[in-house]
Every structure is written in structure tokens, then in C-alpha cells.
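Novice: Letter by letter, the chains look like this.
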Amino acid sequence: MIRLIPRVENSTAMVLLSPLLALTLTALSAYLIFVFILVDIPVSSVFFTLFVEPLIDSYYFSELLVKAAPLMIIGLGLSIGFRAGIWNIGAEGQFVMGGIAGSAVGLYFYNVEAFWLLPLMTIAGILGGMFYAGIAAFLRIKYQVNEILVTLMLTYVAVLFLSAMLQGPLRNPSGFNFPESRIFHDSAMLPIIWEGTRLHIGLIVAIILSLVAWFGIKKHMFGMQIKISGSAPRAAKFAGFDDNKTVWYSLLISGGLAGLAGLFEAAGPAGQLTPGLPQFYGFTAIIVAFLARLHPVGVLFSALLIALSYVGGENVQIEYNLPSSITQIFQGMLLFYFLACDILIKYKVVLFKTKN
Amino acid sequence: MKYQLEVSNITKSYGDLKANDNVSLRIKDSSIHALLGENGAGKSTLVKIIYGSLSPDSGEMKWANNEYSPKSPFQARENGIAMVFQHFSLFESLTVEENIILGLDSVGLNDNFSEQIIKYSKQYGLDINPQQVVGDLSVGARQRVEIIRCLMQNPKLLIMDEPTSVLTPQEVSDLFVTLKKLAADGCAILYISHKLEEVREICSEATILRDGKLVQSCIPQEHSQKELAEMMIGKKLTELARANIAVGESIFSIDNLSRKSDDIYGVNLDNIALKINKGSIVGIAGVAGNGQDELMELLIGEISSPKTTLNFNGQDIGTLNSHERRQLSMFFVPEERLGHGAVPDMSLDENMLLSRPDSTEMTSNDVIDWKKVATHSKNVIDTFDVQTPSSRMLAKSLSGGNLQKFMVGRELIQNPELLIVAQPTWGVDAGSANNIHQALIELANKGSAILIISQDLDEILSLCDKIHVLSEGKLSDAVDMKSKGLEKISQLMVGGKTQ
Chain A
1 MIRLIPRVEN STAMVLLSPL LALTLTALSA YLIFVFILVD IPVSSVFFTL FVEPLIDSYY
61 FSELLVKAAP LMIIGLGLSI GFRAGIWNIG AEGQFVMGGI AGSAVGLYFY NVEAFWLLPL
121 MTIAGILGGM FYAGIAAFLR IKYQVNEILV TLMLTYVAVL FLSAMLQGPL RNPSGFNFPE
181 SRIFHDSAML PIIWEGTRLH IGLIVAIILS LVAWFGIKKH MFGMQIKISG SAPRAAKFAG
241 FDDNKTVWYS LLISGGLAGL AGLFEAAGPA GQLTPGLPQF YGFTAIIVAF LARLHPVGVL
301 FSALLIALSY VGGENVQIEY NLPSSITQIF QGMLLFYFLA CDILIKYKVV LFKTKN
Chain B
1001 MKYQLEVSNI TKSYGDLKAN DNVSLRIKDS SIHALLGENG AGKSTLVKII YGSLSPDSGE
1061 MKWANNEYSP KSPFQARENG IAMVFQHFSL FESLTVEENI ILGLDSVGLN DNFSEQIIKY
1121 SKQYGLDINP QQVVGDLSVG ARQRVEIIRC LMQNPKLLIM DEPTSVLTPQ EVSDLFVTLK
1181 KLAADGCAIL YISHKLEEVR EICSEATILR DGKLVQSCIP QEHSQKELAE MMIGKKLTEL
1241 ARANIAVGES IFSIDNLSRK SDDIYGVNLD NIALKINKGS IVGIAGVAGN GQDELMELLI
1301 GEISSPKTTL NFNGQDIGTL NSHERRQLSM FFVPEERLGH GAVPDMSLDE NMLLSRPDST
1361 EMTSNDVIDW KKVATHSKNV IDTFDVQTPS SRMLAKSLSG GNLQKFMVGR ELIQNPELLI
1421 VAQPTWGVDA GSANNIHQAL IELANKGSAI LIISQDLDEI LSLCDKIHVL SEGKLSDAVD
1481 MKSKGLEKIS QLMVGGKTQ
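Heads up: the sequence lines are chains A and B, in that order. Per my numbering: the first sequence = residues 1 to 356. Per my numbering: the second sequence = residues 1001 to 1499.
Treat the hints with care, since some could be wrong.
With a straight-line cut-off of 30 Å between C-alpha atoms, the simulated DSSO-like cross-links for lysine-lysine are [to be verified]:
(1) K1371/B with K346/A
(2) K346/A with K1372/B
(3) K1482/B with K1446/B
(4) K218/A with K1396/B
(5) K1195/B with K1028/B
(6) K245/A with K1396/B
(7) K1213/B with K346/A
(8) K1226/B with K1484/B
(9) K1378/B with K219/A
(10) K1372/B with K219/A
(11) K1071/B with K346/A
(12) K1371/B with K218/A
(13) K218/A with K1378/B
(14) K1071/B with K1048/B
(15) K1396/B with K348/A
These aren't lab readings, by the way, just hints derived from the structure by calculation.
Start from the sequences, fold in the hints, and give me the full structure.
Specialist: Dropping the structure here:
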């Protein structure tokens, strides 16, 4: 018989080992799946394309970072809100709204070349995301409406709003009626930090933001406030924290960061507003936040891991004609094993013989 | 002599910790047997072994002279062992009858439960109406429901875990009548308690545990309360000494404070008024669920009060939050430890920050100085003898008594001008309770004011200079203790008129 026995203290060794164990199990399961589904293709070469090539080929590696940047930024915001027990699962919608708001500013000043344009678009992007998440905060505080439902449902509204905008006011007047905006002016585009690739300044912003968040959570009462509110709401009142403020902060921060990521996506790799702006980053970032155990610096690494699965998944699609669901299977297994292995931090496995 | 249950040389370890170390216990037929011990002495472990929810590492048990090793509580119940837990497991929205049916292992369709309930209720003086909804019942009545539920299984041994901790004096004496009758009818009772006076009153034998080991089995009437307590804690108790200082001027007052509860099972507070002077200890007695929680929320500042209702040192504080009130040197210890006064999943260091007036310098401009925090929590741990390997341990890993010492210490170390404390020794063992009482008295002797809200009447009587009673959201005037004080308090507790 196998039994789980609670540990007296959390195991520090397991805090470090459980992610490695989860990775090993994921790789093992992926291997088994490939053995079953692959015909005439050696499993080892699929593995190479999936997990190794994106890391050693400079083009794929840059694409990996391009995809990791928005995941980092959104995941960071979500991890703060999740700590407070505020479940914003509609970052995708806030991402789109941020993209629309920031792009609208860029398109309004279509012919202007100025250093202030990009910062202005960035602020508009953040505000767009904040406004959208703020709706959920307002409804929760004023009418006790569950923020999970509101944020999720508003996501669909945002996607439809995007297509309405692209067929209406934001459509390129000389674009043959395609539902796309004009291409942004150079000064409305993010600076590229790796010449010859699409890697933009968003990555650096993500790293700086993660350090700021780390300080805020570790050294500032704000971190204590969200932590206490998340794990013991009555204790938060006892400590004198205003629980409405916790709701506002959590949703505005996660919404603002999702909006920022949305604008970065439009003003970065895309260079214009298109119906293809939403790419599930908002939902995937939920996995990113949990893989990092809601740690602001951990988010950087988990975003890289998930980005690897995106790039590797695309590569095996192209090279071996494998289905795109490979990426999702991989992400699903990763989260599953991570959460499962984390139980070893609080419990130990004991084998024992049963009597009789 | 016949024994209903014989427990011999039971040992049960958790890792290095021996929760029960070679413990033996024999319960005679039809007797009331006390199991005494501090928190962590191994009482719960032993009871869980008897009730089949734990199996011992070694040792054996005999039930009416036969081998007995239950694999589950279900088997224990089949043998005739029933248990009333300290925390009731009743559904508030269901009726008494429905709750009793739900608790039974096997139910026959034709059984007429109402009749059976009424039969037991009459036989043992357990006043209950089967059709009443449990949510409307007092704590004492809920306990009666639990007892009847046990009696439906015709037990030969009834285990009662701290049964009187939430009852009024009247309810306690009613319960004792019931228990004595049960014992006389052939049902042995294992009575777990730390209230020594009660044990001396109704138990014919007592088994005392300390640190998982058997101290001795004795006849409680042959020892004084103090001797029993010292056997339990293994050291001498300090005598409480209240300095007879002149009570100073008024420091805190509540005027005309009313609040409509937003919970349907909550209690509306009605026109509460109270004054506390410097250097005095004021007590609010009363049975749980009469508005204590609602009042405490207002006093802490978790919910703000109307203007002019709360006054501290001449300042209107009704609208200040708890942090702002602490800045003025008001401190609080709420009743609920885990989840209210402390966050279970955070370390003791982090828990220090729940109560962080600027004077501690633990934070400046909301930036945390973790070194200062650790110094402060170390100070609390040392001063109040909190048993923990380090201040980094999670709050939930501490025993109830230790966490209570930490929480009371966290506030006391600030030298509050006013300390408001609810149930300061709830579920705390005799030794720790003694320490906490001592610390409270020392604080008042130094000239601070203390307000104690407690269901433990003995505690209120031994500590307080002035006693009010809270009943159904109304606070009585201070009770004149000179003549028949206890009687008046009893009356007020069950809703008698304010005189």
C-alpha cells in the first residue's frame, strides 16, 4: 500500500526537486505518446525538434523569447491577483482591450512622428486593460458578482469588439476592406533589441516588472496584504486591510499588465491591429502563473518553458506534419504533473505492508 | 470488579514524537471516568484509538473482556462506543430529527424517530423538540441533540470531549444530571476535560496524562484542584495576585452602540453601553452566539461604528480601522485563532505583521524590515514561553495553546493602554491559561485597562473587577457581586431581565 503522510515542515528539497520531477514525467509521458502515434518517424528526432532545436537555433530562440515576453507580463499580473484569491481568468479579454486602446492612439496619430507616441500608446494600453478588469472589480464589490464569470465572459465581448472595430473605425481606409488596421508608423513600433529578429523591448520590460513585483511582494506591506487576504480574509480585516482595495488592486494590476502585453503584441510582432491579435496568451498565462507557484521571478522561467512548447510545437507541425494539439497536450501534462508533484512538498510517500 | 474497557500499554508515535507512550486506562462498568491532561498530552490520540480512527503502534485493548481492535469508528460504534465531539457536526438548516437520522449508521424505514427522540428526551431530561431547526437552537440544545444521537445507538461507553466549555452554569448542571442517570443505567462515560472542579464533582475516577505518558490514575475527590492541576502540568502553579491599586480615570467608553446583523443567524446588537477605567479589568460574560462576535468586530474596527459610539482617550474612534486604532495603543485578541487572529499558512514572523503599529518600526512607509520583525517575534516567543523550534514555523503547526500564547503575547508586548480580548484561554491547557491570566493581571496592575469577553465564567469571576452579561445582543449593567452575584449572572445569561 502507498500512503501520503503529512510532513511536519514543508520540504525545501522538494520545493526544488518537484519541478524537475514534473519535467521528467512530462518528457516520459510525451515519449510514450509519440511511441504510440508516430509511424515511420524516429521518436528521438521529434524530441529534438520539439525540445532542443528552439534552444540552439538562434532564429527559433528569438521567437521563443518573443512569445515568452507577453506570457511573462500577463503571468506576473495574474500571479499577484491569484495570491489574493482574486481569480481573473479573463486576461485574454484585457489583453485585447489593451491592444485596441493602445492601437487606437497610435492610429489617431497615424502621421505623427514623435518620441512621445509610444509611451502614450503604452499608457492607453495599460488603461484599456485596467478599465476592462475594473468592470469585474466594480461588479464584485458593488453587487457581489463573481469575478471569474465576469472576466471570462467579457473576454468574448472583447474579441467581438475587436472585430467590430476592425470593420469600422479602425479599418485601414485603403486596405481593400480587409478587417485590418493600417500598419503603424515607425515611432509607434517597439524598439527591437536583437537585430534581425522580432525580439522587442517587451522582454526587458517584463524582467524589470518582475523584479519590481518581487520587491513589492517580499518587502512591502502590499505583498502581505494580498497574501493575507488570499489565505485568511478575516485576518486581513483584523490587520486593518480594506478588502475592497485588495479586489481593486488585484484586478487593476492584472488587467493593466494584460493590457500592456496586448499593446506590446500589436506594436511589436504584429505592427498593426488584426483579428489575429488574441493568441490565447491570456489563458496560457494562467498556466504560467501556477507553474511558477505564483512567484514573480518564477514567472519568467515558466513563461520560457511554455514558450518552448509553443515554438517546438510549431516546428514539429511544420517538419513532421504532427497536429497542433501537440502543444496543448504538452502544456496540459506539464501543469498536471507540476501540481501533482507539488503534493510532495507537504506530504511524504510511505510504503507499508498491510497485515492480514 | 468488571471493566467495560481496558486499555493496556498503548504506544503511538508520529515520527520522533510519542503521542502515547505506554498508556493504560481502565474504565469500570457504569462509571464516569475523567481523562485529564494539557493540550498535546495525548488525550485526543488515545480517544481516537479507542474510537477506531487511529490504530496504535503497540498495546492492546479489551472490550467487556474480549479482544478489541477497531479498524474504523464504524466498528467502534457497532461495539457500543459513541462519542460527542467538542465541535458539533450538525446541519443548521435541518431539523433535529433529520440531523439525528443522518448521523445513524443504519436506519430502518419504519422506525418512528420522533417518538424515540421524545422517549430519550424524557428519560434523561434532555429537553428537545424533534421538529425544531438546529440553526435556531442554543449551543446547549445542540449538544443535547448530539447526545440523543449517540443514545439512539444504545452505547455502553459514551465519550464526551470538553462538553461544558460552551455551556451556561444552568446547562452544565442539567448535563450532569443526565450523565449521572446514564451512568446509573449502565452506560460508562469517558469524560475529557480540563475543568478540574467539574471532574471532582461528577467523576469517580480520573486518568491523568502528561507528554503522552500516564501520570497516574486516581480518585479525583481525594485530591485538591490545585494538586490535580499540578499533576497535569508537572510543575507548581503561580498564584494570581491582583494589585489593589486605585482605579484611574475613564479611558474607553461605548455609548448607544447598536448594529443590525447582516447574517440571518447573526445577533443584532442593541444599545450597548460600557465604561472602562484605567487599571481595571472588565468582563463580559455570556453564552456564545449572543452577540460576542458582532461586538468584537465593532471593537476591533473590522466594521466601522457610527460617530460618538466609541470613545478612546477622548477621541471618537468609531470610523478608524483596526490598524489606526492600534496606533492609539488599543490592541485586540480575537477568539478565533486560525484564520482571524493568525493566518495558518504563514510563519510566526509574518503573523507578527498583522499587528504592526508604527512604534514597533517593523514597517516604515509600508516597507517591511524583516530583521526587526524577527527580533520582535523572537521577543514574544521568549517572553511568553511559546514552544516552537523557530519563528519561521507556520502558525498552523503550533498547538492551540502555544499559538494563543503567541497571539496574546504579540499584543501584550506593545504595552497596550487598552487590551480587548475574547476567550483568552479557550482550549488552552491549565498551565498556559495560568500564564496568560498572570500576564493579563500584570498588565492591569501597571495601569492599563482590559476588556475580557469570555464564555468561561470561572475566568471572568477570577479576573474581573466589573462584570457585564451579554444576552441576545443586549448588555446588562455591571452586576453587583456583593449579594447573590453568581445567581444574577446565571439569570442574565439565559435572558433574564436587566435589573
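Novice: Just to be careful, I want the Cα atoms of K1371/B and K218/A compared with a cutoff of 30 Å; is the pair within it?
Specialist: holds, 13 Å
Novice: What's the verdict on K1226/B and K1484/B, does the C-alpha distance respect the 30 Å limit or exceed it?
Specialist: Given that 30 Å is the threshold and the Cα spacing comes to 26 Å, the pair holds.
Novice: Regarding the pair K1071/B and K346/A, is the alpha-carbon distance no greater than 30 Å?
Specialist: holds, 26 Å
Novice: Below or equal to 30 Å on CA atoms is what counts here, so check K1071/B against K1048/B.
Specialist: holds, 11 Å
Novice: Given the hint that K1482/B pairs with K1446/B, does the C-alpha gap stay at or below 30 Å?
Specialist: Distance ~26 Å between K1482/B and K1446/B Cα, so the pair holds.
Novice: Is the hinted pair K1213/B and K346/A satisfied, with a Cα-Cα distance of at most 30 Å?
Specialist: Answer holds: K1213/B to K346/A is near 29 Å, not above 30 Å.
Novice: Are the Cα atoms of K218/A and K1396/B separated by 30 Å or less?
Specialist: Given pair K218/A, K1396/B holds - Cα atoms ~21 Å apart, limit 30 Å.
Novice: Under the criterion that the straight-line Cα-Cα distance not exceed 30 Å, is the pair K218/A, K1378/B satisfied?
Specialist: Given that 30 Å is the threshold and the Cα spacing comes to 20 Å, the pair holds.
Novice: Is the Cα-Cα distance between K1371/B and K346/A 30 Å or less?
Specialist: holds, 27 Å
Novice: Does K348/A lie within 30 Å of K1396/B when you go C-alpha to C-alpha?
Specialist: Since the Cα atoms of K1396/B and K348/A sit roughly 18 Å apart, the hinted pair holds (cutoff 30 Å).
Novice: Sort out whether K219/A lies within 30 Å of K1378/B, counting only the CA atoms.
Specialist: Within the cut-off at roughly 19 Å; holds.
Novice: Can you confirm whether the C-alpha distance between K1195/B and K1028/B stays at or below 30 Å?
Specialist: holds, 22 Å
Violated hints are absent here; each numbered hint is respected by the structure.
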